[in-house]
Amino acid sequence: EAQVTQNPRYLITVTGKKLTVTCSQNMNHEYMSWYRQDPGLGLRQIYYSMNVEVTDKGDVPEGYKVSRKEKRNFPLILESPSPNQTSLYFCASISTGDMNTEAFFGQGTRLTVV
Amino acid sequence: GNSVTQMEGPVTLSEEAFLTINCTYTATGYPSLFWYVQYPGEGLQLLLKATKADDKGSNKGFEATYRKETTSFHLEKGSVQVSDSAVYFCALSAPGYQAGTALIFGKGTTLSVSS
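Chains P and V are the protein sequences, given in the same order.
Be aware that the first sequence starts at 1, since it is given in this note's numbering, and climbs by one per residue.
Be aware that the second sequence starts at 115, since it is given in this note's numbering, and climbs by one per residue.
Because the hints were derived from the structure by calculation, they are not lab data.
Note that beta-carbon positions come from the ideal geometry of N, C-alpha and C, so glycine has one too.
Among the hints, a few may not be true.
In silico negatives: residues of chain P with every beta carbon more than 10 Å from chain V [said to hold, decoys possible]:
1) V4
2) N7
3) P8
4) V14
5) G16
6) N28
7) V52
8) K65
9) E70
10) K71
11) I94
12) T101
13) E102
14) T112
Cβ-to-Cβ under 8 Å is the rule here; a few derived chain P residues that face chain V [claimed, not checked]:
15) N84
16) A103
17) G108
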């Protein structure tokens, strides 16, 4: 079964305490992406990766890091979280190709930074 | 650049009412178009898609037709159910997309259906 697994689902943390949200996919996709979802703003892309060791900034990268050491995993790292990073985060694994593009999303991680 | 604009919500309907959620797009070339749905507490999942002009995507009673002349991909359902309450996202994928923009999403429309 095609799956994108994010962990944790819920996280409450304090300002400045480093955290990592993990994302793993089993579809052998090259393209993966992180989004944050905020009321009234929809989905905004944070970072994406087009393949192993290839990552780049999306629309709202400030305060985030990512890595792609292997194809299946794409963790999101918040080195020093701040309250404005309180949000709902989604990882997506995307099959690419002009006629076959489709995104598969994880269940989401609701992060609260106090 | 490429973009998607969809109607603001929330949309509130009674069960069995007709639903339309408008979506228009701007894109270079001939994009593929998608509707994603997000049920409460879940991630987004693909609802339907269309890959070329005049194609109609359909699933679970929902339909959307790719209209190149009006650059639109409106979502419709003839009779909504309470279980259709969710957030709906219109999205596009432009051919030969530049790095990072594999999928561009609208801001989402919240649908609430009451019995």
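Unmet hints by their number, sorted upward, for this structure: 1, 11, 12, 13, 15
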